[in-house]
Amino acid sequence: DTGVSQNPRHKITKRGQNVTFRCDPISEHNRLYWYRQTLGQGPEFLTYFQNEAQLEKSRLLSDRFSAERPKGSFSTLEIQRTEQGDSAMYLCASSPLDRDNQPQHFGNGTRLSIL
Amino acid sequence: DAKTTQPTSMDCAEGRAANLPCNHSTISGNEYVYWYRQIHSQGPQYIIHGLKNNETNEMASLIITEDRKSSTLILPHATLRDTAVYYCIVRVTGSARQLTFGSGTQLTVLP
Numbered sequence: 186d187t188g189v190s191q192n193p194r195h196k197i198t199k200r201g202q203n204v205t206f207r208c209d210p211i212s213e214h215n216r217l218y219w220y221r222q223t224l225g226q227g228p229e230f231l232t233y234f235q236n237e238a239q240l241e242k243s244r245l246l247s248d249r250f251s252a253e254r255p256k257g258s259f260s261t262l263e264i265q266r267t268e269q270g271d272s273a274m275y276l277c278a279s280s281p282l283d284r285d286n287q288p289q290h291f292g293n294g295t296r297l298s299i300l
Numbered sequence: 305d306a307k308t309t310q311p312t313s314m315d316c317a318e319g320r321a322a323n324l325p326c327n328h329s330t331i332s333g334n335e336y337v338y339w340y341r342q343i344h345s346q347g348p349q350y351i352i353h354g355l356k357n358n359e360t361n362e363m364a365s366l367i368i369t370e371d372r373k374s375s376t377l378i379l380p381h382a383t384l385r386d387t388a389v390y391y392c393i394v395r396v397t398g399s400a401r402q403l404t405f406g407s408g409t410q411l412t413v414l415p
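Line by line, the protein sequences are chains E and X. The end of the first sequence is residue 300 by this note's numbering, with every number in the run present. The end of the second sequence is residue 415 by this note's numbering, with every number in the run present.
Please note that a few of the clues may not be correct.
As the list claims (entries may be wrong) - Estimated spans, in silico, between C-beta atoms of each pair: (1) E:258 x X:312: 35 to 41 Å; (2) E:248 x X:367: 44 to 50 Å; (3) X:358 x E:261: 29 to 35 Å; (4) E:241 x X:367: 29 to 35 Å.
Hints listed in this document are in silico derivations from the structure and should not be mistaken for laboratory results. Owing to the predicted nature of the structure, the values given are computational and were not obtained by experimental measurement. Even glycine gets a Cβ: it sits at the ideal position worked out from N, Cα and C.
Construct the entire structure; sequences and hints are all you get.
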């Protein structure tokens, strides 16, 4: 069990650029979640996948954000036309499907800084 | 999901037990209590969860009151590496719902 892996760990970009983050969940975890965390706050839910299906999206997920999980394994989160307010830590978590009370396990996140 | 209330910060001496309280007075019968912690610049780390019975694992113990309106996370012998923000979260059982984090408790373990 290598845990949830996120890449890159840090991303610095200019406002208006597009960025893409990747999350590799724990092997055989069917459920995958994206969260965003700003300084001094707890993580906030963005979206949730069960296998390749995106089943829930938060109101925080504006139309500049898109997430995919094409083969039900890794997932990507893309932000188009980045804004200053997008600066945050983006966290990915996964959990197994078959036992609903199993905890989510988090990666160490991608820290995005918008210049 | 029920709302939780935690103290903003706590200190604990190294080697002593750290007792972190959480109030969840509006919890319903089908909601579990989960504890996570987050060390600076890392993702949240799962610690323990429970429904109504006390639970213990290699990291901590979880004590849930009989009326389930509050719980306490116990780190039996705190070390400097236990310094982190600790989050208490309740979530409905049998669902795939996301976790709703509050502001948590900043635990500082002092040498």
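- Any hints from earlier that this structure breaks? Give me their numbers in increasing order, please. Checked against the structure, the only hint that fails is number 3, while the rest are satisfied.
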